[in-house]
Every structure is written in C-alpha cells, then in structure tokens.
Amino acid sequence: MQNSLITTALTLPGYKLVKNLGVVRGLTVRSRSIVGNIAGGLQSLFGGNITIYTTLCEQTRAETFRLMCEHATSLGANAIISMRYDATEVMAGLTEVLCYGTAVIAEPE
2 MQNSLITTAL TLPGYKLVKN LGVVRGLTVR SRSIVGNIAG GLQSLFGGNI TIYTTLCEQT
62 RAETFRLMCE HATSLGANAI ISMRYDATEV MAGLTEVLCY GTAVIAEPE
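Start counting at 1 in the sequence shown, then tack on 1, and there's your number in our numbering.
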C-alpha cells in the first residue's frame, strides 16, 4: 500500500472511493525498561528532548502503522482514510498504542 493513499482526511483528492471495507487497526502494548527509565530520568535532569522516550514512541507508532496497513491489505484495500493514533496508559509504565482508520478501495477519477 502506498503511503500517499493513507490519510487523516475523509477523502483522497483525485480518487473516488468505490468500496468501504471497514475499520482496520494496529495495536501494540509497550513498557519502559528499567534501563530506559534510568536513562530517561538522567536526561530529564538536563531538560530538553528525552531522546530515549522519543525513540520508543517513534518505533511504537511505526509498528502500529505497519500493522494497520497489513490489516487493510489483508482485506483487499489499497487505501486508508480517517487514520488516527490513540494511546492509553494501561498501568504505570505500560502503554497501549492504537493506529486505526477506514480501509477502502480507491480508484483514480
């Protein structure tokens, strides 16, 4: 699936949506390691970007995005509209990250 056919919008300019295949999602639950917590704690003493957590968040979002795309592809979709991310703390140090959208078949106009 082409990244250019994945959007947070409700439509794809230049394409008509010919079939709605339903909601697709990618889900990951992550925890911070003790080493990561120590390194993050040390970085927070100096302020600024906490790179160890930034990297963890970027990797987690990329994984959920990939899983969502795989789910859409398995349904026969070639595009995803209304894509969103959501994160929920399940318990202290344990976070669920969800990427979801609507799988569609889109054709050039």
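Wrong hints could be hidden among the right ones.
Said to hold, decoys possible - The following label-pair restraints were derived from C-beta to C-beta distances: (1) Ala93 x Thr8: 33 to 41 Å; (2) Asn21 x Thr56: 12 to 20 Å; (3) Thr52 x Pro14: 30 to 38 Å; (4) Thr89 x Glu59: 13 to 21 Å; (5) Gln3 x Thr52: 26 to 34 Å; (6) Glu108 x Thr9: 19 to 27 Å; (7) Lys17 x Cys58: 31 to 39 Å; (8) Leu28 x Met2: 13 to 21 Å; (9) Val19 x Gly94: 41 to 49 Å; (10) Thr55 x Arg85: 14 to 22 Å; (11) Tyr86 x Gly15: 37 to 45 Å; (12) Thr52 x Leu95: 20 to 28 Å.
If you're looking for bench data, these hints aren't it; they were derived computationally from the structure.
Here a beta-carbon is modelled for each residue, glycine too, at the ideal position from N, C-alpha and C.
Evaluation of the provided hints:
| no. | hint | in the structure |
| --- | --- | --- |
| 1 | Ala93 x Thr8: 33 to 41 Å | 35 Å, holds |
| 2 | Asn21 x Thr56: 12 to 20 Å | 36 Å, violated |
| 3 | Thr52 x Pro14: 30 to 38 Å | 36 Å, holds |
| 4 | Thr89 x Glu59: 13 to 21 Å | 18 Å, holds |
| 5 | Gln3 x Thr52: 26 to 34 Å | 30 Å, holds |
| 6 | Glu108 x Thr9: 19 to 27 Å | 21 Å, holds |
| 7 | Lys17 x Cys58: 31 to 39 Å | 35 Å, holds |
| 8 | Leu28 x Met2: 13 to 21 Å | 18 Å, holds |
| 9 | Val19 x Gly94: 41 to 49 Å | 45 Å, holds |
| 10 | Thr55 x Arg85: 14 to 22 Å | 20 Å, holds |
| 11 | Tyr86 x Gly15: 37 to 45 Å | 25 Å, violated |
| 12 | Thr52 x Leu95: 20 to 28 Å | 21 Å, holds |
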